[in-house]
Amino acid sequence: MAIKPNCIVCGIIENKIPSKKVYEDDLVLAVLDVNGANAGHCFVMPKNHYSILEQVPDIEIGRLFQASNKISSAIFESLGAQGTNIFVTNGVPAGQTVAHFTINVIPRKENDGINLQWQPKQMSEEEMSTVELKLKEQTKNIGYFEKEEKKPRIHAPKQVVLSEEEEEYFTKQMRRLP
Amino acid sequence: MAEQPQLSPEQLKALQERIKQMSPEELKEFQKKQCVFCQIVAGKVQSKKIYDDDKVLAILDINPANPGHVLLVTKEHYAIMPQIPDDEVAHVFMAAKSLSNSMLKSIDAQGTNIIVANGIAAGQRAQHFMVHIIPRKENDGINFVLPQKEMPQNEIEAVGNKLIAALVGAAEEEKPVIPAKIPEPKREEPKKESKKSEAETKQETRSSINLDDISKMLGVK
Chain A
0 MAIKPNCIVC GIIENKIPSK KVYEDDLVLA VLDVNGANAG HCFVMPKNHY SILEQVPDIE
60 IGRLFQASNK ISSAIFESLG AQGTNIFVTN GVPAGQTVAH FTINVIPRKE NDGINLQWQP
120 KQMSEEEMST VELKLKEQTK NIGYFEKEEK KPRIHAPKQV VLSEEEEEYF TKQMRRLP
Chain B
0 MAEQPQLSPE QLKALQERIK QMSPEELKEF QKKQCVFCQI VAGKVQSKKI YDDDKVLAIL
60 DINPANPGHV LLVTKEHYAI MPQIPDDEVA HVFMAAKSLS NSMLKSIDAQ GTNIIVANGI
120 AAGQRAQHFM VHIIPRKEND GINFVLPQKE MPQNEIEAVG NKLIAALVGA AEEEKPVIPA
180 KIPEPKREEP KKESKKSEAE TKQETRSSIN LDDISKMLGV K
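Protein chains in written order, with numbering that gives the first Met the number 0: chain A, 0 to 177; chain B, 0 to 220.
Bound conformation, chain A alone:
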């Protein structure tokens, strides 16, 4: 794990700062925000230290957002949320305050005081076309994403112990089959 000294998020990952963990695997950790925008607001972060999105390798991006999606589903299911936001602030002008890439997963209810809306900016057709061309020039190079190799996961078969009665029932059932 690439840990950065003095990084508060790395401190959480190393258990030096206490936190309420809700999900953890080899690459990802998710904790509850103590000053959340709503109860159940979670931070999902890579265990390796990266400061911005572009530094996070593809495989870790995949795992981070899969975990965020699972947490979002759990928020719907267990907290009775009416909606969820997945929100990333990437870079200081975008509102990032901690130098460790983090995904916010936020439970939503109507009129909860959170505002992730914007005023649309007026753009001429020409301006739109210029932006389109500039972006397209860059996105030409996109195309290959790293894929995680699926390792076979071995599951121990469940041991089912049947009582005599049950066993008899199942045998009878089998006899009925043609």
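Check the hints yourself; a few may be wrong.
[Stated by the list, open to error] Quick list of in silico lysine-lysine cross-link-like pairs, DSS-like style, CA-CA up to 25 Å:
{"id": "1", "chain 1": "A", "residue 1": "K139", "chain 2": "B", "residue 2": "K31"}
{"id": "2", "chain 1": "B", "residue 1": "K161", "chain 2": "A", "residue 2": "K20"}
{"id": "3", "chain 1": "B", "residue 1": "K161", "chain 2": "A", "residue 2": "K46"}
{"id": "4", "chain 1": "A", "residue 1": "K108", "chain 2": "B", "residue 2": "K148"}
{"id": "5", "chain 1": "A", "residue 1": "K139", "chain 2": "B", "residue 2": "K54"}
{"id": "6", "chain 1": "A", "residue 1": "K108", "chain 2": "B", "residue 2": "K161"}
{"id": "7", "chain 1": "A", "residue 1": "K120", "chain 2": "B", "residue 2": "K48"}
{"id": "8", "chain 1": "B", "residue 1": "K104", "chain 2": "A", "residue 2": "K139"}
{"id": "9", "chain 1": "B", "residue 1": "K54", "chain 2": "A", "residue 2": "K135"}
{"id": "10", "chain 1": "A", "residue 1": "K120", "chain 2": "B", "residue 2": "K104"}
{"id": "11", "chain 1": "A", "residue 1": "K120", "chain 2": "B", "residue 2": "K47"}
{"id": "12", "chain 1": "A", "residue 1": "K15", "chain 2": "B", "residue 2": "K148"}
{"id": "13", "chain 1": "B", "residue 1": "K104", "chain 2": "A", "residue 2": "K133"}
{"id": "14", "chain 1": "A", "residue 1": "K20", "chain 2": "B", "residue 2": "K148"}
{"id": "15", "chain 1": "A", "residue 1": "K139", "chain 2": "B", "residue 2": "K48"}
{"id": "16", "chain 1": "B", "residue 1": "K48", "chain 2": "B", "residue 2": "K31"}
{"id": "17", "chain 1": "B", "residue 1": "K74", "chain 2": "A", "residue 2": "K146"}
Hints are computed from structural coordinates only; laboratory data are not their basis.
Bear in mind the structure is a predicted one, so any value in this text is a computation, not a measurement.
Given the coordinates of chain A, assemble chain B onto it according to the supplied hints.
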């Protein structure tokens, strides 16, 4: 977006009946016809395409928060993110990362926001899952508000445990289980190794000037 035509109660009832009797395939087709973004994916509605592969399409938002605001949509119709299979989720956000990177490089963005809204209460407006990728500059007039609510420790514990129960339950239902969270004591990593991998990370990103500038703003050496 075009206004939905108002239906009379009878028409609405007839429509609901029709939908009930549809086979899953017919229902999928019907949904596609109703959804603007499925029409865009099919090329029946015009858009400014930025990126496109077998699973996703990125277009310019016609009501942008900032110039270069991109909507990344799945080609398959999903209403909300929890419906999307895992490998597609991974693909969508790898594409989002590449698009964000393109913004930093081509249109002088100093940062980006990535926003997904699931449900109307979260600000979702279209019936089709999408990721907003918004290029940001200092003082660009965008102000996202995330209030900070003080939560007592016992409430954090209670909410956390509810989430854990739901996550463990979901993991048990699936077959290829992502290991249900087990907060075990951290193993000590040798410091040498962590330093090395840090240097590696740095080297990887050194090639791009923009990325370094952006992380420098966060106070990272």
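Hint numbers contradicted by this structure: 1
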